[in-house]
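Same order as they appear, the protein sequences are chains W and R.
Note that our numbering gives residue 220 to position 220 of the first sequence, counting from 1, and the numbers run on in steps of one.
Note that our numbering gives residue 216 to position 216 of the second sequence, counting from 1, and the numbers run on in steps of one.
Keep in mind the hints are simulated off the structure, nothing from the lab.
With a straight-line Cα cutoff of 20 Å, these simulated SDA-like cross-link-like pairs (lysine to any residue) come out:
| # | chain 1 | residue 1 | chain 2 | residue 2 |
| --- | --- | --- | --- | --- |
| 1 | R | K87 | W | R270 |
| 2 | R | K239 | R | A34 |
| 3 | W | K274 | R | L96 |
| 4 | R | K87 | W | F268 |
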Amino acid sequence: MTRKTRVRASTVVGHTGAILWSVLAIIPFALIILLAFKSNTDIYTDPLGLFNVKWHPQNFVDAWKGAPGGQGFAVYLLNSAIVTTVAITGCLLIGAFTAYFATLATPRVRMMVVRLFLVATTLPLIMLLIPYYTAFNALDLLGSPWALGVLYIALCLPTCVLILHSFYLGFPSELAEAAAIDGLGRIQTFVKIVLPLSKGPIVSVGMINAFFVWGETQLAIVLLQAPGSRTIPVGLLDFKGQFASNTGAIFAGLTLATIPLIIVYLVFNRTITKGVALGGVFR
Amino acid sequence: MLAPGLIILAVFFGLPIIDLVRTSFTQWPGIGEARYIGIDNYVTAFTSPAVREALFRSVALGVGAALILSAIATVLAALVSGGIRGKAFYRVVWFLPAIAPPSAVAVFWALSVQPRSGAVNAFLGAIGLGRTHAWLADPSTAMYVIIAVAVWAGVGFAFLVILGGMEEVPVSVYEAASIDGASRIRQFFSITLPLVRPVLSMIVLLEVIWAFNGFTLVWGMTLGGPGNATTILPVQVYKDAFLFANFGLAAAVSVVGGLLLLVVGLAGQALGSRKGVDE
Chain W
1 MTRKTRVRAS
11 TVVGHTGAIL
21 WSVLAIIPFA
31 LIILLAFKSN
41 TDIYTDPLGL
51 FNVKWHPQNF
61 VDAWKGAPGG
71 QGFAVYLLNS
81 AIVTTVAITG
91 CLLIGAFTAY
101 FATLATPRVR
111 MMVVRLFLVA
121 TTLPLIMLLI
131 PYYTAFNALD
141 LLGSPWALGV
151 LYIALCLPTC
161 VLILHSFYLG
171 FPSELAEAAA
181 IDGLGRIQTF
191 VKIVLPLSKG
201 PIVSVGMINA
211 FFVWGETQLA
221 IVLLQAPGSR
231 TIPVGLLDFK
241 GQFASNTGAI
251 FAGLTLATIP
261 LIIVYLVFNR
271 TITKGVALGG
281 VFR
Chain R
1 MLAPGLIILA
11 VFFGLPIIDL
21 VRTSFTQWPG
31 IGEARYIGID
41 NYVTAFTSPA
51 VREALFRSVA
61 LGVGAALILS
71 AIATVLAALV
81 SGGIRGKAFY
91 RVVWFLPAIA
101 PPSAVAVFWA
111 LSVQPRSGAV
121 NAFLGAIGLG
131 RTHAWLADPS
141 TAMYVIIAVA
151 VWAGVGFAFL
161 VILGGMEEVP
171 VSVYEAASID
181 GASRIRQFFS
191 ITLPLVRPVL
201 SMIVLLEVIW
211 AFNGFTLVWG
221 MTLGGPGNAT
231 TILPVQVYKD
241 AFLFANFGLA
251 AAVSVVGGLL
261 LLVVGLAGQA
271 LGSRKGVDE
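All chains should be built: construct the whole structure from the sequences, respecting the hints.
Structure representation (structure tokens):
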């Protein structure tokens, strides 16, 4: 075998692998949309069929309204929005604040802070599940999306601090000094100068955490006990039970829960993937 | 200035752990007074076959899924950093499964492997492999399906991180190797792999931890069944506490599983993050 044909053979294998994985990554989303528009009978007789599909948009109406006696998608959407907004606003503000002032501290204090947050990232969720439940129960907060949002502030904080900390390490100290000469206090400097200059990393950290919070299920199952307080991921699992005989509606629910995220991702994919690469070592 | 962050850390991570340990020494049905019973829960946890099997399954899921998905992600990252055409497209597409909420992933795949209505079985039927196997209802295949789905969902994230590591390797190193006549494959094993080892060990460790904790996939696909065939540790804890109202035992099981994972995690961080933190 000559050198040239050997190179070509490995390129062919490489391209085949790349295309194969792309198909595996895309097909499920295409299927979700296709099956969301099929009637139950069609799903059972010919789930993969692309032709002779009788379009059945009623599935989306069913999913949006929810099964009789259950909650509709509108309720889940509102709860997810509350949880995510509270969590991301809080964790970005406190996270940026902590990360910035950690870089101004002495090296020993800085390392201690970083280590503490690193330990927090490895802490498995099952160790927090029962204590959180106990606390929420005692404070009568079971079923409050607002309270769950506050909890997610804490859960997102370590990632947030670690990623922004490595960004602020390279931040020019002249800026803070110039601000001090202009008579700005340390907190004023942070709010007026540091925050606006770190918009890029803050957006990518916010995105990564927003996707985590939007999809988190285990805590939400335990802490959002009232059906009307459930977020989309928990609602989706309820859906599976409620719509046991209406598979089309479940696929419509999956479409409503997933496709908007995919669209957001396609618009912001540079920011998100950059944030992942930035935070990969820490997460 | 560091107070707010550190207070949150203490209140939401420190206090809960203390509370968990306290609960693990009691018998508590979830309401009323907890009764102190010493180490009974730990004795039960260590002697119970159910707990031992759940622990074993968690390790199998953690290690199995993490190794398989990291291997696939490394190969994909090597393809893209090796200058394959369509790099921008692959970067976007391969991350898609990581964007879908885990419970949506679970519900979708659970429906897709159903015997009559599932797309996977319809596809297998179309290529002549039969379409009647109930993958999730068969205790001997359910866990493999879950591992496969965890791999599908996890490759995208690992791929991006490993790719980030590979792109930091200076091009000149490869050029020098090419001049010396080293083949692409040879370069991958002698240059790329050794140089991205820190990133690689970190991502394998993280994936082990995440898969070990993979409650959502299992709960969404099988609820831990059939029987107990897919009951991993987090599912066991959830069942013990919230279905069987035995919070003390669930707390003890979480302490044991958590400690195990924490030891693995800290050891891995000491090995893997030296580059990231102590620079």
